[in-house]
Amino acid sequence: MEFSRRDFIKLCGASAAGIGLSQLAHPAIVQALEKAAAGNPPVIWIMGQGCTGCSVSILNTVHPTIAEVLLKIISMKFHETIMAASGELALEAQEKAAKEYAGKFYLVVEGSIPTNENGMYCQIGTMKGETRTMLKEVLHLGEKAAAVVAVGTDATHGGIPAAKPNPTGAKSVSEIFKANGIKTPVINVPGCPPNPDWMVGTLAHVLLWGVPQLDGEGRPVLFYGTLIHDNCPYRGYYEYGVFAKEFGDDGCRVKLGCKGPETYADCWKRKWNGGVNWCVQNAICIGCVQPDFWDKYAPIYYHSIA
Amino acid sequence: MATCFGPSGGKEAAPAAKAPAAAAAAGPKKIVVDPVTRIEGHLKVEVTVAEGKVVEARTTGGMFRGFEIILRGRDPRDASQITQRICGVCPTEHCQASVYALDDAFGVKPPTNGRHVRNLIHASNYVSSHILHFYHLAALDYVKGPDTAPFIPRYEGPDFYRLPKDVNDAAVAQYVKGLDMRRKAQEALAIFGGRMPHVQGVVVGGTTEKPTAEQIVQYVWIMKEVQQFVQETYVPTVYAVAGAYKDLFAVGTGCKNLLSTGVFPMDDDNKTHLFKRGVYTDGKDYPLDPMQIREQVKYSWYDDSCTNKQPFDGCTIPKYGKSGAYSFVKAPRYNGKPHEVGPLARMWITDPPVSGAAKKFLGVPADSKATFRALGDKAFSVMGRHAARAEECAIVADKCIEWALQLKPGGDTIKSAPVPDSAKGMGLNEAARGSVSHWIVIKNKKIDNYQVVSPTLWNASPRDDSGVPGPIEQALIGTPVADPENPINVVRVIRAFDP
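Protein chains in written order, with the working numbering: chain A, 1 to 306; chain C, 1001 to 1499.
Among the hints, a few may not be true.
[Said to hold, decoys possible] Quick list of in silico lysine-lysine cross-link-like pairs, DSS-like style, CA-CA up to 27 Å:
| hint | chain 1 | residue 1 | chain 2 | residue 2 |
| --- | --- | --- | --- | --- |
| 1 | C | Lys1271 | C | Lys1415 |
| 2 | A | Lys164 | C | Lys1415 |
| 3 | C | Lys1109 | A | Lys245 |
| 4 | A | Lys164 | C | Lys1109 |
| 5 | A | Lys136 | C | Lys1322 |
| 6 | A | Lys164 | C | Lys1445 |
No wet-lab data here; the hints were simulated from the structure.
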């Protein structure tokens, strides 16, 4: 079937800025995605100084499920945490895919890239006796990829490994590309971790209509275009000066350390884990999608300060 | 008696399994598997194979981020957020270890409701993590997946995937179902934890949100489905797989020293636990004395001045390229000896009654009072570790329902306390994959020192200062490897630890 962005939006019954990924469950959209993904676009997912949290988060995608993503939409040629192969067998599969689909595969990068000690703070494989570092790998594959999706704040902005004093010289994908003159487009999907919808949604957008509109930080406006504080269900409390002083109190959470007033993301409507809860309802926003958040927004909590 | 061998090595920790005839002729051969995939993080293993069996093994943790350095000088309360980022598969476990250390340092005790909420958050992740480990990390070593990436390529060899077709097909269907179940367990977790991975709800003094009746019901409803999957599908499938791989009850013995720092506090003083604190060294049970934990770094890429320190006095000065060293993992030792941590250690030390599926497997009557130690030496093996994990998962899934129903809707979950000027705190906890302890020293209301002893340090440690290999390195000795190009048993041994 022919399927346009207009149909998509109509189906979702939402404004262009408000496409809810939960609507991806609609059979017509699943069909369109499968069609757009005819031949299953190859994806190579590599991991640097990460915690695997972004991968765990994408496993939590509801619509489509991760099984649908893996079996119907993409072809995951390399992902350390899920692939059957180990060692050289795994690295050979990666090399084969990168060669066969040069200029066509999508590279997903999770985790930051350490530059000190010649990259040896992140050794990710051994091929014929030679150690591969994340630094070498991201340059080698980055050059060949159609586009790079940097997932998680480590990959998009350096994240926790780059927090002061950044002992390993950890950098983001964009920083590494800039320093090495690599021009492959990079889409940043920050978050610690990113919401699964942001990752799957970015991928769906790339497959259906190409690279989505990005903001100055390289983030899809679709997901990172609204200020949490402006849309927060507790905003009324803020206006009336009612502030929670301890966790469990009613009121705006700003005095507990909430970073909603500075954070751009759509958690306020999308929520987390199938919509059961989200950070501000449960505690506070820690600003995890923002550049430099570990240092700029420290300390995280303000409550019970002596 | 102790089977941990000394610096001279040589003693085989595992009984000899049948070596395929083809391998007998080959001389010693070095095999490198890097990356060892389907684990959390980056791990390399180097083994020497002679006459079809592993005779020497080295594990290398190839990543360093410097959490302990980054934590210094920060607000102590931020530690529970920062340390979650050590592991995205077990963030709740690091978070919990961190808040236990902070509770200890701040001198604060969460209300009973807060203890229950913390336990529920933690327990839901145990269940999610164990399902993920068996079905999505380990199973592809036994189950033939669909012939499409990422399930191919895979190691190939005669007998590698020997499940009867119907069992294999069922296991593939369960792979998909298991993805749903681990996701649902995380959704249940997020009802109280805010989101997952990386929970918001657990802080020093308790938890952040008072549970509502609606949340409790929603939690129980979701976890009932997961509990049913664990009892009726996961546990029996583990024994079905084990039945086809009986030889793997004699592979991967390891050091046979076990340690558990205790998990799921059953009282508000954090004194008694669902899974007990304790150690099992050289065949005997002892109480745990946390002051006997030392981290050694002779073979790790850290400055030698940091070696053999109790974690309160520990330090982390990276020194990549240090002569003789081969890993970023430190070597924690208890009373100077390597100890395995994880479900096997917890189940052995606590020794609870086993499931009906286990009794059937052991050939004892359904109404017998068999406990985990009835497995005997079989427990210390690749399949023994999978069985321990499944048994434990069933126990914890039951507790999720029980504890949720003990919550008081709207009841307080937190007790606040000011940041102390200076204090020390110890946080002992057990991640799904093993003991995790956090150690904090506060000066001038800031973190002066913070040390983390994680499960992978215990299990995947390199040699210690006396040259004694770590638990995984020891477990690999004797592992049959028929074909050096397809060393499937090597990765089976490693993955059974869930590093």
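We went through each hint and held it up to the structure:
no. : hint                  : verdict
1   : C:Lys1271 / C:Lys1415 : holds, 19 Å
2   : A:Lys164 / C:Lys1415  : violated, 31 Å
3   : C:Lys1109 / A:Lys245  : holds, 19 Å
4   : A:Lys164 / C:Lys1109  : violated, 32 Å
5   : A:Lys136 / C:Lys1322  : holds, 22 Å
6   : A:Lys164 / C:Lys1445  : holds, 18 Å
Against the hints set out earlier in the document, violations occur for numbers 2 and 4.
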